[in-house]
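The residues making up each chain are set out below.
Protein chains: 2
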Amino acid sequence: MTFSSTLLENAVNEFARLPGIGKKTALRLALYLIKQPEAEALQFGETINRMRKEIKFCSNCLNVSDTELCNICSNSMRQKHLLCVVENIRDVIAIENTQQFNGLYHVLGGIISPLDGVGPDQLSIDALVERVKKEEVQEIIFALNPNIQGDTTIYYIGRKLKGIPVKITTIARGIAFGGELEYADEMTLAKSISNRIPIENYIEAKN
Amino acid sequence: MTFSSTLLENAVNEFARLPGIGKKTALRLALYLIKQPEAEALQFGETINRMRKEIKFCSNCLNVSDTELCNICSNSMRQKHLLCVVENIRDVIAIENTQQFNGLYHVLGGIISPLDGVGPDQLSIDALVERVKKEEVQEIIFALNPNIQGDTTIYYIGRKLKGIPVKITTIARGIAFGGELEYADEMTLAKSISNRIPIENYIEAKN
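So the sequences go chain by chain: A and B.
Numbering that gives the first Met the number 0 numbers the first residue of the first sequence as 0 and each following residue consecutively.
Numbering that gives the first Met the number 0 numbers the first residue of the second sequence as 0 and each following residue consecutively.
There could be a bad hint or two in this list.
All copies of an identical chain are treated as equivalent in the list; a pair is satisfied when it fits inside any one copy or across any two copies.
Here are the simulated SDA-like pairs of lysine to any residue, each with C-alpha atoms no more than 25 Å apart in a straight line [to be verified]:
1. K52 / G173
2. K55 / I33
3. K166 / Q137
4. K190 / Q148
Keep in mind the hints are simulated off the structure, nothing from the lab.
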């Protein structure tokens, strides 16, 4: 692209460095900001930079936070003895959006994946084991993506927790609500049969 | 969306105000910047804000510019007597990318469109007429989008220029290169027939 302005060119390049933003979209975004009132456009950059400078990771669960302890961990209404283990911050937001979980989280910061060079040491697994011991956690729910890496991570952490009296569960894998049996892959269908649930539980869950 | 951090929430809202960016994409972009090294992430916001604060509009052609006069208008290698009239900055970039035009531009800042409430007074039409008179322009090429609004704008400006000895042309409308006749709309096909070009010109243009 040929630009008559280096200022514009630099801004377009910055936008285009973001994931999923190509050059043409980057140009559209930069020109949009040029047309906005100056105060509003400057607020954009300042808000982004303020976030980057001031954001913290909760010292307890490693979720993003404005304060030392995030507002989920510091909320006295939430069950301290129930821990949901997730891969990343996005998963915390997804589960919070369901409004169905009232415990605390533990963000691993990734998932064991030797092919991508991610081993257990890069994840907050030791911190998780410490928390379980110290905070008298009664149940850990693994909410990891249903794939080989997720299962490996669950298996590895499960072994680390051996001997500690804590109930370990995982979110159900099965046919998605609204999904169709004939289009489900064999693995999912097989697991949904072997992990079948008593009809009473199913009806209970629906009410 | 439920956020555990107001800093993150504000950043997501800022991204989501941009055109074509939804909440989920905004979250992805904000989290990407959180994971980047601080210096690189801060550079993002600072580059955008610097652009917004310092960018100017060329006093001659109204294109975006770092300086009072843009680097196209101040380039002594370009033909001063050939003017390409475009709707907006994006069109300047599109034409510059072809590397086929060596004159100057005039950015109207829009197109006459009564339905959208855009009249001639909101566009830089008077400035264009002034330029044509003052700078002894020999040819004006209209490079406007081929639709009713574009044609109205050409007609309106054409009338304003009456009596001034300047050649007025418009970029060719026709079947796009690589396009197929049978899928072209009737209007385009009709225009491409009525504006047919001598074979010598066509062969010349291809070489």
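Against the structure, the hints come out as follows:
{"no.": "1", "hint": "K52 / G173", "result": "neither (41 Å within a copy, 53 Å between copies)"}
{"no.": "2", "hint": "K55 / I33", "result": "between (31 Å within a copy, 10 Å between copies)"}
{"no.": "3", "hint": "K166 / Q137", "result": "within (6 Å within a copy, 84 Å between copies)"}
{"no.": "4", "hint": "K190 / Q148", "result": "within (17 Å within a copy, 60 Å between copies)"}
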